[in-house]
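*Asks:* Next come the chains, spelled out residue by residue.
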Amino acid sequence: MSAAMETPVLSVEGLSIALPKGGDRPYAVEDVSFAIGRNQVVCLVGESGSGKSMIAHAILSLLPKGVTVQAGAARVGGQDVTRLTGRELRRLRGGDAAMIFQEPLSSLNPLKRVGRQIEETILVHQNPAPSAAEVAARVQELLIQVGLPNPPVLANSYPFELSGGQRQRVMIAMAMANRPALLVADEPTTALDVTTQRQILHLIDDLRRDRGMGVLMITHDFGVVADIADHVVVMQHGRVVEQGPVEDILRNPQADYTRQLIDAVPQANVAGAQDRRQAPPQLVVEGLRKTFLVKRGWLQPPRRVVAADGVSLTLHEGETLAVVGESGSGKSTLGRMIMRLTEPDDGAIRLNGQDLRQLKGEALRQARRGLQIIFQDPFASLDPRQKVGDAIARGPMAYGTPRAQAMDQARALLARVGLTKTAADRYPHEFSGGQRQRICIARALALSPKVLIADEAVSALDVSIQAQVLELLAELRREMQLAMIFITHDLRIAAEIADRVIVMQKGRIVEEGPTRALFENPREAYTRELLNAIPGRRFFGFAADQGVAL
Amino acid sequence: MDAVRAFMRHPSGMAGLLMLIAVLIVAISAPFVFPESPWEMIGAPFTPPGEDGMWLGGDTLGRDVAAGIAHGARVSLMIGIASALAAVVIGVLVGAVSGYFGGKTDMVLMRLTELFQTVPAFILAILLVAIFNPSLTTIILTIGAVSWPQVARLTRAEFLRLRSREFVEASLCQGESTARIVLGHILPNAMSPILVVGSLTVATAILLESALSFMGLGDPNLMSWGFMIGAGRTVIRTAWWVSVFPGVAILITVLAINLFGEGLSDTLNPRVSRRRA
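Protein sequences appear in the order of chains A and B. If you use my numbering, the first sequence corresponds to residues 1 to 550, in order. If you use my numbering, the second sequence corresponds to residues 551 to 827, in order.
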């Protein structure tokens with residue numbers, strides 16, 4: 001890195017950030033130092049709670065109230081940000097240094113057209129203010145640069161009219177508006193699906209090359225690190241564990257923690273896939289159809305979104321079937337329709353030969369027993385006012401198990417999923433995301449279902465926790481002879497857990513096959529596209545690279 | 551318990567609670583401190599405060615204003631709390647059914663709610679009391695009947711928000727009955743904002759009752775703050791104390807309930823209170 005010889009774009013020097021009294025630790029980050037040169041991408045990696053986001057926020061002086069920089073400096077172009085106030089700080093933000101956030105929807109003003117929002121960023125920082133025509137031209141140019149289709153129409157759209165990927169592109173266009181020397185990206189692709197993630201990472205990389213920008217990328221995914229980073233800083237509990245050039249860290253990690261994080265990355269190795277198509281069918285779905293009508297305005301016709309267009313599948317006893325696809329492909333709706341949480345327009349769902357769609361009331365309630373679901377968000381899927389033990393015991397009790405027995409079962413299940421028995425008497429907020437997901441698994445299993453649907457069940461978790469939860473699911477599946485539908489956007493996870501994979505696009509099944517065959521020999525272009533988008537392929541690779549051109 | 555501790559640290563909320571307790575003590579002790587009926591004419595008419603043993607003075611007929619306020623506190627608080635309770639019961643019932651079942655049920659119930667909201671509450675209350683002779687029960691029911699729409703609206707919004715939450719869907723998948731889902735999962739999670747609105751409804755109910763009594767539409771057998779102000783309004787220039795002291799009583803009580811309700815809101819909805827911190 002010859003860039004290191006010049007003044008770095010960003011240098012963080014012995015930065016310590018103090019948390020308010022009464023927190024779980026006195027410092028959010030302690031004595032952190034690193035530097036970013038021109039045209040360099042530095043990745044800050046760590047699990048949630050490692051303090052990596054705090055550093056990003058400190059660089060733009062966006063720390064929450066009560067959290068203060070205790071010692072050290074964060075210099076952007078030689079100027080210590082932590083000492084700036086008022087006008088100078090505003091000149092820096094969106095001028096020399098720009099930031100993009102994880103959730104693009106909440107970072108855009110919902111009531112303003114996106115073109116107008118980009119214009120504002122330009123006008124705030126340009127003195128004297130350029131003419132309206134100049135600004136408009138600049139906005140169009142930026143929208144083209146970030147690869148958005150039809151810029152004139154797009155500039156006139158509101159944020160809710162765009163997809164997640166498009167919104168993130170608009171955020172990047174805004175960040176690029178004043179040609180910043182430094183771009184801080186806080187988990188910019190975590191909320192996006194694999195293909196969009198790949199496009200956004202590419203875009204950031206291209207823009208960096210064009211402009212010689214320094215990029216600070218915050219992520220928990222070593223796959224992303226392998227794809228984009230020049231230099232890596234690994235953090236744990238607010239301290240730097242290790243830092244160095246990306247090749248060194250990936251190939252030759254010094255710290256155990258780094259090695260753990262790298263090992264936790266799902267490698268897209270087809271592991272335990274077995275062909276179970278000879279086993280008798282457990283769940284048969286035939287010709288499911290669902291179209292959502294989205295109202296747009298008084299005069300416009302409603303927009304039709306086809307979530308399922310004649311979806312049929314068979315799940316055999318003991319089989320794990322992964323359903324993969326981008327967001328909007330209809331994979332979650334499929335799971336919800338099978339659970340009868342969303343009513344399909346047409347089709348049949350047969351569990352052990354019985355059509356669930358024909359059932360009502362008590363008969364449906366009885367049939368539901370054999371079918372359970374684990375949701376994506378472990379924070380939303382537990383009642384905050386219900387003790388964990390009750391949450392698990394409630395299901396069996398609803399089917400007539402006496403309370404004492406149901407509670408004993410619940411404690412045993414909690415122990416089985418790796419929590420202590422005393423967890424039963426505590427409330428959900430006392431548990432971490434991974435622990436909550438274990439509780440949700442215990443709850444789903446309390447009714448000894450035949451079929452378990454896992455709807456992005458590990459997507460909201462850190463990679464290391466992800467690996468543990470997946471392992472638990474694989475064990476339980478063997479123990480309890482579960483047939484499982486695993487809905488995920490992450491092909492690496494599908495490869496590790498599934499016997500068979502279904503690829504969905506726009507409400508249709510585009511390809512289906514045994515996991516190994518599908519990964520080694522994808523027939524459809526769309527499947528190849530998904531496989532290509534797996535982050536970290538350059539470094540981690542996976543079993544079958546043939547037929548896939550990078 | 552956390553909520554209680556947080557409330558104890560909320561200065562204005564605690565001030566409201568202490569004031570409210572003071573009003574309660576006055577109401578409870580009224581029959582002991584002023585054992586005679588507040589309607590009893592115990593002194594000369596227009597006795598100024600402090601004279602003749604009446605430290606808040608006497609009214610146009612020589613009745614003790616202090617006794618009236620103490621006994622009136624019982625009436626005001628009881629009507630306030632009972633009618634707020636009635637409003638919450640009706641409102642939660644309508645809002646819960648509307649929000650949980652949605653569709654046509656929701657349509658019909660919400661149009662009904664709007665019907666009540668478009669008619670000015672006070673006019674409707676006057677009309678209802680005039681139709682069903684004023685008595686304690688009819689006044690409580692009337693005030694309840696005109697105050698429920700906002701509770702219903704709020705409950706419906708909370709139910710709409712909560713019914714699509716994953717923990718509710720999870721309990722559905724676990725085979726729990728509709729009643730259990732509504733009473734065991736949705737209602738407890740919707741309770742804090744309902745509690746806040748309910749407590750503020752007590753304040754508006756007290757004001758409504760005072761206004762009704764002021765117009766002579768209160769229960770003629772009950773001494774009430776509104777009635778006292780109404781009776782004293784013609785002599786306000788010569789005997790200000792007859793209407794000012796009951797007015798202050800209303801002010802203190804309503805202010806106390808509002809402060810208490812706001813404190814409750816801040817502690818039960820941490821998102822709002824954090825913004826204030």
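Hint data in this document are derived by calculation from the structure and do not stem from the laboratory. Even for Gly, the Cβ is constructed at its ideal location relative to N, Cα and C. Any given hint might turn out to be false.
[As the list claims (entries may be wrong)] Using C-beta positions, here's what the derived DEER-type ranges look like:
{"#": "1", "chain 1": "A", "residue 1": "Pro302", "chain 2": "B", "residue 2": "Arg559", "range": "48 to 58 Å"}
{"#": "2", "chain 1": "B", "residue 1": "Val554", "chain 2": "A", "residue 2": "Val306", "range": "49 to 59 Å"}
{"#": "3", "chain 1": "A", "residue 1": "Arg91", "chain 2": "B", "residue 2": "Val554", "range": "29 to 39 Å"}
[As the list claims (entries may be wrong)] Here's a subset of chain A near chain B, in silico, CB distances under 8 Å, partners left out:
{"#": "4", "residue": "Phe101"}
{"#": "5", "residue": "Leu341"}
{"#": "6", "residue": "Asp345"}
{"#": "7", "residue": "Gln372"}
{"#": "8", "residue": "Ala380"}
{"#": "9", "residue": "Lys387"}
{"#": "10", "residue": "Arg394"}
{"#": "11", "residue": "Arg478"}
*Asks:* Each hint: holds or not?
*Replies:* So, going through the hints one by one against the coordinates:
| no. | hint | result |
| --- | --- | --- |
| 1 | Pro302/A to Arg559/B: 48 to 58 Å | 50 Å, holds |
| 2 | Val554/B to Val306/A: 49 to 59 Å | 52 Å, holds |
| 3 | Arg91/A to Val554/B: 29 to 39 Å | 48 Å, violated |
| 4 | Phe101 | 19 Å, violated |
| 5 | Leu341 | 5 Å, holds |
| 6 | Asp345 | 17 Å, violated |
| 7 | Gln372 | 6 Å, holds |
| 8 | Ala380 | 5 Å, holds |
| 9 | Lys387 | 12 Å, violated |
| 10 | Arg394 | 6 Å, holds |
| 11 | Arg478 | 23 Å, violated |
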